[in-house]
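J.: Residue numbers (this note's numbering), protein chains in the order written: chain A, 1 to 112; chain B, 113 to 228.
Derived from the structure by calculation, the hints contain no laboratory data. There may be inaccurate statements among the hints.
[Said to hold, decoys possible] Every beta carbon over 12 Å from chain A, so not counted as near; a handful from chain B, in silico: (1) L123; (2) K125; (3) G128; (4) F132; (5) H141; (6) N143; (7) M144; (8) P173; (9) G175; (10) S179; (11) S187.
[Stated by the list, open to error] So, partial list: chain A residues that the calculated Cβ filter (under 8 Å) puts toward chain B: (12) L47; (13) N55; (14) G58; (15) G103; (16) G105.
Please read these numbers as outputs of a predicted model, since none were measured by experiment. Idealized CB from N, CA, C, for every residue including glycine.
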Amino acid sequence: RKEVEQDPGPFNVPEGATVAFNCTYSNSASQSFFWYRQDCRKEPKLLMSVYSSGNEDGRFTAQLNRASQYISLLIRDSKLSDSATYLCVVNTLRWTGNQFYFGTGTSLTVIP
Amino acid sequence: DVKVTQSSRYLVKRTGEKVFLECVQDMDHENMFWYRQDPGLGLRLIYFSYDVKMKEKGDIPEGYSVSREKKERFSLILESASTNQTSMYLCASSHSGQGMNKGELFFGEGSRLTVL
Numbered sequence: 001r002k003e004v005e006q007d008p009g010p011f012n013v014p015e016g017a018t019v020a021f022n023c024t025y026s027n028s029a030s031q032s033f034f035w036y037r038q039d040c041r042k043e044p045k046l047l048m049s050v051y052s053s054g055n056e057d058g059r060f061t062a063q064l065n066r067a068s069q070y071i072s073l074l075i076r077d078s079k080l081s082d083s084a085t086y087l088c089v090v091n092t093l094r095w096t097g098n099q100f101y102f103g104t105g106t107s108l109t110v111i112p
Numbered sequence: 113d114v115k116v117t118q119s120s121r122y123l124v125k126r127t128g129e130k131v132f133l134e135c136v137q138d139m140d141h142e143n144m145f146w147y148r149q150d151p152g153l154g155l156r157l158i159y160f161s162y163d164v165k166m167k168e169k170g171d172i173p174e175g176y177s178v179s180r181e182k183k184e185r186f187s188l189i190l191e192s193a194s195t196n197q198t199s200m201y202l203c204a205s206s207h208s209g210q211g212m213n214k215g216e217l218f219f220g221e222g223s224r225l226t227v228l
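The shape of chain B in the complex, shown without the other chains (with noise of 0.2 Å):
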């Protein structure tokens, strides 16, 4: 069974706080995403990797980097936590091209994130 694992479900975390987000994904897929889900605002791209060690900001990269070290592997960090963060971080992963069983994205079960 095919699948993109998030190392934590829930956290919390104080304001100021490094935060690390894992996420692995076992498909060998080339692409590899980070979204915060917010009610009434849907998935925001934070940033995602079409490769190893290759990165592109999304819609809204500001407070976050990312790292890519690794194909099944791909971070998310919060340098300094802020409450405006809390929030769900979905990972996500697809193939990089079209045709039939590629163009499809695989979540991860989520990291809820809480910033006091």
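Extracted from the complex, chain A is given alone in its bound form (with noise of 0.2 Å):
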């Protein structure tokens, strides 16, 4: 089974639309949960952090539920400079620090 299952898409939404993203990860140790942007030929960039009350940032929501180990991601009124592949990345620390688990990424197209 893999650490991180994410739908890859691709996800086609009008100008305007609001569009939800789902990723659940399965080590319930894992610790902090991110959303990452990644533009076509480009490195991925952090979106948000997700915590366990959910946070918002703008017309971004993002929600974690541990119990069901279920990672969200909302945007509203999308924009076409949303366009681009959304990575859900799951934290868990080991004796050697760090381990970044990775789901293979979302593709939005937000069209005109």
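Two chains, two frames, some hints: make the complex.
T.: Shown next as structure tokens:
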């Protein structure tokens, strides 16, 4: 079983739509959770950390459900500039330090 | 501005050549990582290092080696490049602990290697 599972999409949505991405992880000892954004042929960049209480940054809302081992990202009022691949990342602390596990990414295209 | 810098953005090499990919971070991070990213396969961990001169194999270490002689620098070496090593290589670093501002992973811009 993969450490992190993520629906690859693609998601094609019109401007202004609300879109949600989901991710599950297998290791209940995982401690930190993130959503990264990756533009075509660029490196991943941190979009949001995900906290148990949920957190919001403008049009973006991230949720964590530890009991179900489930992470979500909600994008409201989609913009053309939101088109990218969104990576779910889970961090588990081991004796060698932080270990990061990645979903395969969900592709989003926002259409005019 | 914190930074992870990879020495080469684009490289073209021939089969059998030795290839060095260099990565430097200025954040005093303990952990450094090398990933490769291929379409449909996502990011796969090649090697990581949790301290100077310390290294651990990741998921796909075959055909690669690494070197970490200084804390800020982590090198990936392809001893004899092959066409199936054509890929985007991403270096990343993080602190070794958890807590506020410690669990995040910072990436370099990537090195796109083509092996002919």
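J.: The structure should be examined with respect to each hint, and the outcome stated for every one.
T.: Going down the list of hints, with the structure as the test:
1. With a least CB separation of 15 Å from chain A, L123 of chain B remains clear of the 12 Å interface cut-off, as annotated.
2. At roughly 19 Å, the least C-beta separation between K125 of chain B and chain A is larger than 12 Å, which holds for a residue marked as non-interface.
3. In this structure G128 of chain B is separated from chain A by more than 12 Å, as the shortest Cβ-Cβ distance comes to about 27 Å.
4. With a least CB separation of 20 Å from chain A, F132 of chain B remains clear of the 12 Å interface cut-off, as annotated.
5. Taking the minimum C-beta to C-beta distance to chain A, about 9 Å, the non-interface status of H141 of chain B is violated against the 12 Å cut.
6. Remark: the non-interface label on N143 of chain B conflicts with the geometry, its nearest Cβ contact in chain A lying 4 Å away (cut-off 12 Å).
7. The non-interface label for M144 of chain B is inconsistent with chain A: the shortest C-beta to C-beta separation is roughly 10 Å, within 12 Å.
8. Non-interface call for P173 of chain B relative to chain A: holds, since the shortest CB-CB distance, roughly 15 Å, exceeds 12 Å.
9. Against chain A, the non-interface label of G175 of chain B holds: every CB pair exceeds 12 Å, the least being about 21 Å.
10. The Cβ of S179 of chain B sits about 17 Å from the closest Cβ of chain A, beyond the 12 Å cut-off, so the non-interface label holds.
11. Residue placement check: S187 of chain B keeps its beta carbon more than 12 Å from all beta carbons of chain A (closest about 18 Å).
12. Residue-level restraint check for L47 of chain A is violated (minimum Cβ-Cβ distance to chain B is 11 Å; threshold 8 Å).
13. Because the beta carbon of N55 of chain A sits about 13 Å from the nearest beta carbon in chain B, more than 8 Å, this interface hint is broken.
14. The interface hint given for G58 of chain A is violated, since its Cβ lies 19 Å from the closest Cβ of chain B, which is over the 8 Å cut-off.
15. A cut of 8 Å between beta carbons decides the hint on G103 of chain A: the least distance to chain B is about 7 Å, and the hint holds.
16. A cut of 8 Å between beta carbons decides the hint on G105 of chain A: the least distance to chain B is about 6 Å, and the hint holds.
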